[in-house]
Amino acid sequence: MSYSSLVVFFLSCIFISLCLITTAQICDNNKGNFTANSTFSKNRNLILSSLASNATANGGFYTGTIGQDSDMVYALALCRGDLSSKKCFDCINSPSQEIMKNCPNQKEAVHWPAEDPRCIVRCSNRSIFGIMEASPGWNVWNLADITTNVDEFDQAFNSLIDSLLVRAAWGGSSRLKSATGEKNFMEYQNIYALLQCTPQGRSQEFGSGEQTLFLILLHIPVMQVINRILIFILLLIQLSH
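Per my numbering, the sequence shown starts with residue 1, numbered consecutively.
The hints are simulated quantities; they were obtained by calculation from the structure and are not laboratory data. Keep in mind that a hint or two might mislead.
Stated by the list, open to error - The calculated lysine-lysine pairs, modelled on PhoX-like cross-linking and capped at a C-alpha distance of 25 Å, are:
#, residue 1, residue 2
1, Lys-31, Lys-86
2, Lys-42, Lys-31
3, Lys-101, Lys-86
Said to hold, decoys possible - With beta-carbon atoms standing in for the labels, derived distance ranges:
#, residue 1, residue 2, range
4, Asn-33, Glu-182, 30 to 38 Å
5, Glu-182, Asn-105, 41 to 49 Å
6, Lys-101, Ser-53, 34 to 42 Å
7, Lys-101, Arg-126, 16 to 24 Å
8, Thr-39, Asp-151, 50 to 58 Å
9, Met-186, Lys-101, 42 to 50 Å
Here a beta-carbon is modelled for each residue, glycine too, at the ideal position from N, C-alpha and C.
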């Protein structure tokens, strides 16, 4: 299955009203738990507390570990490519604090601001770098209807995403591998997209379809520019070595 097809697949899986959701947070109860005040707990708090500073100091993307053996914590933070350092810091700091508060004993968690998806924070007791994972995913839509032009939409969508994958992967010297674009599929109707990969991956594999973490923002104007559908897709897909 191509990754543009994978995106469409995820788009059809879970639909949540945007107006009801302000954050998307997953505290994974299936990946193990820890006790309060344990060494793992202290390590997690330490790495999450410094995640915003480390990410902004490294251009908006950071991966790190702390601890040893069963007490080791892995963490990842990524800001959207168009954010200033201050906005990146604020965006990462908030989810980091939320994970510590709302995932009190889960070893693995992921958090991002759903209403304004500008960054993502993830932590785990296992390596989350250099592996492929097609979840977690979270999607929202509104009730605007494009079912009468499904073929045109799918063709334009796949073409746009495929081109952005290449541009993001081979995006020159940019620290954050992001790309934006638009594609017309009907009169007065365009798809606007933002796609971003984690900088840790290899461009050759991004370009061939084995992308890592990416965010896609789609705005589809319907008849008028001011009348838009908002579709947000966030997929956590890490590079498979």
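So, going through the hints one by one against the coordinates:
{"no.": "1", "hint": "Lys-31 - Lys-86", "in the structure": "violated (33 Å)"}
{"no.": "2", "hint": "Lys-42 - Lys-31", "in the structure": "holds (18 Å)"}
{"no.": "3", "hint": "Lys-101 - Lys-86", "in the structure": "holds (23 Å)"}
{"no.": "4", "hint": "Asn-33 - Glu-182: 30 to 38 Å", "in the structure": "violated (45 Å)"}
{"no.": "5", "hint": "Glu-182 - Asn-105: 41 to 49 Å", "in the structure": "holds (44 Å)"}
{"no.": "6", "hint": "Lys-101 - Ser-53: 34 to 42 Å", "in the structure": "violated (19 Å)"}
{"no.": "7", "hint": "Lys-101 - Arg-126: 16 to 24 Å", "in the structure": "holds (22 Å)"}
{"no.": "8", "hint": "Thr-39 - Asp-151: 50 to 58 Å", "in the structure": "holds (56 Å)"}
{"no.": "9", "hint": "Met-186 - Lys-101: 42 to 50 Å", "in the structure": "holds (45 Å)"}
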